[in-house]
Every structure is written in C-alpha cells, then in structure tokens.
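Protein chains in written order, with the numbering used here: chain E, 1 to 283; chain H, 284 to 539.
It is worth saying that the hints were derived from the structure and are not from the lab. Here the structure is a predicted model, which is why all the values come from computation and not from measurement. From the three backbone atoms N, C-alpha and C, an ideal C-beta is built for every residue, glycine too. Some hints could be false.
Restraint-style ranges between C-beta atoms, simulated for each label pair [said to hold, decoys possible]:
(1) E:S192 to H:R525: 45 to 53 angstroms
(2) H:A507 to E:S192: 52 to 60 angstroms
(3) H:E388 to E:S192: 13 to 21 angstroms
(4) H:R406 to E:R29: 38 to 46 angstroms
(5) E:P142 to H:G415: 42 to 50 angstroms
(6) E:S260 to H:Q446: 50 to 58 angstroms
(7) H:A350 to E:F33: 58 to 66 angstroms
(8) H:S441 to E:V48: 39 to 47 angstroms
(9) H:S394 to E:I215: 42 to 50 angstroms
(10) H:A528 to E:R29: 37 to 45 angstroms
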Amino acid sequence: MTTEAIRGQAVAATAIPPQSIRTRPVPFRGGGFRPQPMRWVGPVVFLVLLVVWELGCHTGIIGSLVLPAPSKVWGALQDLYQSGLLRKHVLASLSRLVVGWTLGAALGVTVGLTIGLFSLARAGLLPLVSAIFPIPKIALLPLFVIWFGIGEGSKIATILFGTFFPMVIATYGGVDNVDRSLIRMGQSFGLSWSSIVRKIIIPGAMPAILSGFRISVSIGIILLVAAEMIGAEFGIGSYILMAGAIFSMEQLIAGVAILSLIGLCASGLIGWAERRLLGWRAR
Amino acid sequence: MEIQLKGVRHRYGEMQVLEDVTFNLPTGQIVCIIGPSGCGKSTLLRFIGGLERPDEGEIQLVGERPAGCLNPLTYIFQDFALLPWRTVEENISVVLEDHRIKGREAERIISDVLGRTKLTEFRKAYPRQLSGGMKQRVAIARALSVSPAVMLMDEPLSALDSQTRELLMDDLVELWLRERFTACYVTHNLAEAVRLGHKIILLSRRPGRIRQVVQIDMPLEERAARLMELEVIQRDLWALMRDEAMAADRELAHDN
Numbered sequence: 001m002t003t004e005a006i007r008g009q010a011v012a013a014t015a016i017p018p019q020s021i022r023t024r025p026v027p028f029r030g031g032g033f034r035p036q037p038m039r040w041v042g043p044v045v046f047l048v049l050l051v052v053w054e055l056g057c058h059t060g061i062i063g064s065l066v067l068p069a070p071s072k073v074w075g076a077l078q079d080l081y082q083s084g085l086l087r088k089h090v091l092a093s094l095s096r097l098v099v100g101w102t103l104g105a106a107l108g109v110t111v112g113l114t115i116g117l118f119s120l121a122r123a124g125l126l127p128l129v130s131a132i133f134p135i136p137k138i139a140l141l142p143l144f145v146i147w148f149g150i151g152e153g154s155k156i157a158t159i160l161f162g163t164f165f166p167m168v169i170a171t172y173g174g175v176d177n178v179d180r181s182l183i184r185m186g187q188s189f190g191l192s193w194s195s196i197v198r199k200i201i202i203p204g205a206m207p208a209i210l211s212g213f214r215i216s217v218s219i220g221i222i223l224l225v226a227a228e229m230i231g232a233e234f235g236i237g238s239y240i241l242m243a244g245a246i247f248s249m250e251q252l253i254a255g256v257a258i259l260s261l262i263g264l265c266a267s268g269l270i271g272w273a274e275r276r277l278l279g280w281r282a283r
Numbered sequence: 284m285e286i287q288l289k290g291v292r293h294r295y296g297e298m299q300v301l302e303d304v305t306f307n308l309p310t311g312q313i314v315c316i317i318g319p320s321g322c323g324k325s326t327l328l329r330f331i332g333g334l335e336r337p338d339e340g341e342i343q344l345v346g347e348r349p350a351g352c353l354n355p356l357t358y359i360f361q362d363f364a365l366l367p368w369r370t371v372e373e374n375i376s377v378v379l380e381d382h383r384i385k386g387r388e389a390e391r392i393i394s395d396v397l398g399r400t401k402l403t404e405f406r407k408a409y410p411r412q413l414s415g416g417m418k419q420r421v422a423i424a425r426a427l428s429v430s431p432a433v434m435l436m437d438e439p440l441s442a443l444d445s446q447t448r449e450l451l452m453d454d455l456v457e458l459w460l461r462e463r464f465t466a467c468y469v470t471h472n473l474a475e476a477v478r479l480g481h482k483i484i485l486l487s488r489r490p491g492r493i494r495q496v497v498q499i500d501m502p503l504e505e506r507a508a509r510l511m512e513l514e515v516i517q518r519d520l521w522a523l524m525r526d527e528a529m530a531a532d533r534e535l536a537h538d539n
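Just chain E, with the same shape it has in the complex (with noise of 0.2 angstroms):
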C-alpha cells in the first residue's frame, strides 16, 4: 500500500442541523469549589464587630463587667502606654519569646535533621521524642522553677521544651517526605554525603520546617503566658492575671489584644519567610 493511497481527506468541522430540533447552550455546571482572594472582606467583617460591641455597650445590652468596650479597652491601652509600662511588659515577653523560641526551634530542627538522616538516632529518638511530645509543659513548669530557678530560666526552658518537640516532628517528617529520586539523582552524579544534606535534603525539607515554625511560634505565645502566671514582675501574662485578679476586664482585654498582635506579627514573619524560601512553589 503507497502512503497516497491512505491519505485522508480535509472537510468542513460543522454541520449544520435541520431547523426543526431545538438546539440550546450546553447548562455550565463547572463553577465554585475555588476560594477567591478577598482582600477587603477581612477588615469589614472585624470593623462590623467592633462596631457592633461598642453598641451593645453603650446601650447596655452587654454589660460592662460581661465585657468592657472596645473604648474602654483602648484606654486600658493608653493608659498603660503613658504609665511606660507597656514597653517593659512588651520586651519582657518578647525577649523570653524570641530567646526560647529561637533556641527551640534550633535545637528541634539539628535534633529532626539527626532523626531523619540516622537510623542510630532515629532508632534511639524517636521513641523518647513519642513519649515527651504529648505531655502538656505546662504541667512541667513547678520542676523548671525547681531546675532553672524562678527567674528568667525557668521560663524560657519551658518556652524552649514546648517548640523544641513540634520542631523535631515536623522536620523529620519533612527530611522522610523528600523525594528519593532526587536523592538517587544526587548519588547517580557523584554529589558528597554533605552536598546531597545541604542541597537537595534541606531545600526539599523547608516547606515542612516552615510549617512547623508556625506551629511552634502559637505553642510559644501559649507557654509565654502560662510561665509568666508565676513569678513574673513584668511580661504581658502578669499584667493579663493581675488584671483578672482585680476584675479589670479592659485591661485583660487589652493583654489579650496584644498577645493578638504579637501571634499576628510572628505569623506575617513567617509567611514572609515563606515567600522567600519558598518562591519556587507553584501557588
């Protein structure tokens, strides 16, 4: 058989039906299921809120000791600010934040990368990192008074024990879920033992490291308030139980607020970061 033989013939795509059946648009029924962006929804449904808790104070619909205004509560904050209280209580808390958090999440990303990379270690780890992670630190803070003393210490080992463990999980899991064959890639081409860690583990590890961040920064403001309750002069969890101590409501809420604002900036750190690192993502 010659190719001309076989060779088809070009014609006209459509035909057009007789007019006597009824044509109409195919329905389209592929739409939602897909979140848009709204920027602006965010902020109006908080203003509304606020708005409507001012209200409901002022008319007395909510009661003062129920709930303050967000006036009042912004008075609770002035005042704080012009007493030169608000900065001390500020920096007491970040510095035991940033220093425990800091130290945690160092030491949970070194310990997760030894798991991960080490049978020896996994083998001899793992099990104590199951055992510990579970129990609540809160419930260890009397025995750190008792090791590190009632100052600063104690807090920021309680600070450092509760993002270390999230850490550890998050980056073993992460250095388990890189992709073999870019390890296989790696050894296929000759790369060292330490090129094949720095190069393709941790870059394809991030994404889980990063996630823990943000996970272990929330555990921290959690554990930051809790070890502040005892034996603390400054930092916003001793000003939030005084406050409750006296039934200053607004300025329980005004703590709270900026415990709020203190989780809110570390999660814009953190997202930035991810958008640094993280850019070769498909979004």
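Using the hints, position chain H against chain E.
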C-alpha cells in the same frame, strides 16, 4: 569506555527478578533493553550505574575513563529528577559544584550544554514553568555537562506525550550523531527501541532473562525516513513479546 555484564542474577526477597544476564555495551553504540513490565530492566540499569548491587554476577568497566569526563556513568531518569527549587542553570551547576567547577569554567560548560539542547533562553526558568519535554531536555543538558562516558537512560521519554516524544527522539538522534555517546536505553516502547537502538536486547518476563538480541544495522539518521522497514522489525519483536506482556499484565503486584 565499555561495560560488560556477566551472569547477573538478583532476587528481591523470595522473588527472582533477574536470571543470568550477560551482555556488553560497546563504545559509541546505543543498546536498548526492552521487556514486559516488571521484568527487571530498570533494576538492571541501576546495577550498571552502581546505584544497586546484584546478588550474583559481575559488572565490569573496560578501558580508561576518557579525558575530561567528570562522571563516567550518568543517568537520565524517567521523572527528570530536577531540583524544583533551582533554576535551569542552577540544576546544572549543582552537579558541577562537587567537581570543584565554579565561576567562569562552570559558566562556559552551562552555556555550552544549554546551547546543545536548545535551552539557552530558558536559563533562568524554574522547572515548574517548563513542559515535560523541556524538563527532560534540562536533564539531558545536565547529563551532558559532566561529559559522561556512558549514558544510562531509564525510560527517558515515557512520561511525555507522543508528540513531544517524537520531537525528543529526533533530538536524541541528532545528539548521538554529534557526540557518538555510549548508551544503555531502557524502555517498554518498541517504536523508541527500533528508532534509537543499534542493538536491542529483549528480556523475558520475570525472572528476566535475555530472550533475543536484535542488531539493527540501519544508520540512526536514516531511520526516520525508513519507518516501514523498522515497522517489520518492530512487529517481529512484538510477536515475541506479546504473550509474555499479556501474562505480566495479569500478574499480581509484589511489594519490593
């Protein structure tokens, strides 16, 4: 550089995957290994490149490593194995860095291999921005950058659509005509094997044994125009493989 395999046998647990495989990869030729799925052809390729060790038998490198060759046995993988966090040029530089090639020398090699694979304008792109065919071209450029003595290709075109596969096959032929590299090309696609192979080794179903060795003397550059003649060879090979492929398809999967 040549590679000789003698009596290679291997088992995963209870299951024998390769049985007495003996052949050699002659310098400057492409040897295609085909066989039904699960016949151990990819395992065999991992043995040849030293990524895994066979239970029995020996695999010998014959001759000296050519001058300027950085990584004698270099793979091209089915899934491309590009680092998603590195750009095209960084994916190539990563394999040069460990050979202490940096700066201007690395720059020269990268420009050269990107030119040879027609990727010059994609230097700064990330793998996610590239099509499958482009990704495999990057992997080929990366392999060329270490001037391999033997290319070990593990189903390099299997993850691509048929049009891209056709284009890349032409590129591989063109590349071979220029470089005359030695290659072991594993595939389950008979059309690829008859287009690219100087020698085709047909493996049987598990445990993989050499069933037939077919030599095709037609020069690679003429094959695209003489598909009708290749079709005959391809049909003969398929006749040999058909029953085994059917039996392999009906086999239950083993965990290995």
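How the hints compare with the structure:
| no. | hint | in the structure |
| --- | --- | --- |
| 1 | E:S192 to H:R525: 45 to 53 angstroms | holds, 46 angstroms |
| 2 | H:A507 to E:S192: 52 to 60 angstroms | violated, 42 angstroms |
| 3 | H:E388 to E:S192: 13 to 21 angstroms | holds, 19 angstroms |
| 4 | H:R406 to E:R29: 38 to 46 angstroms | holds, 43 angstroms |
| 5 | E:P142 to H:G415: 42 to 50 angstroms | violated, 60 angstroms |
| 6 | E:S260 to H:Q446: 50 to 58 angstroms | holds, 55 angstroms |
| 7 | H:A350 to E:F33: 58 to 66 angstroms | holds, 59 angstroms |
| 8 | H:S441 to E:V48: 39 to 47 angstroms | violated, 56 angstroms |
| 9 | H:S394 to E:I215: 42 to 50 angstroms | holds, 44 angstroms |
| 10 | H:A528 to E:R29: 37 to 45 angstroms | holds, 40 angstroms |
Hint violations for this structure: numbers 2, 5, 8, all remaining hints satisfied.
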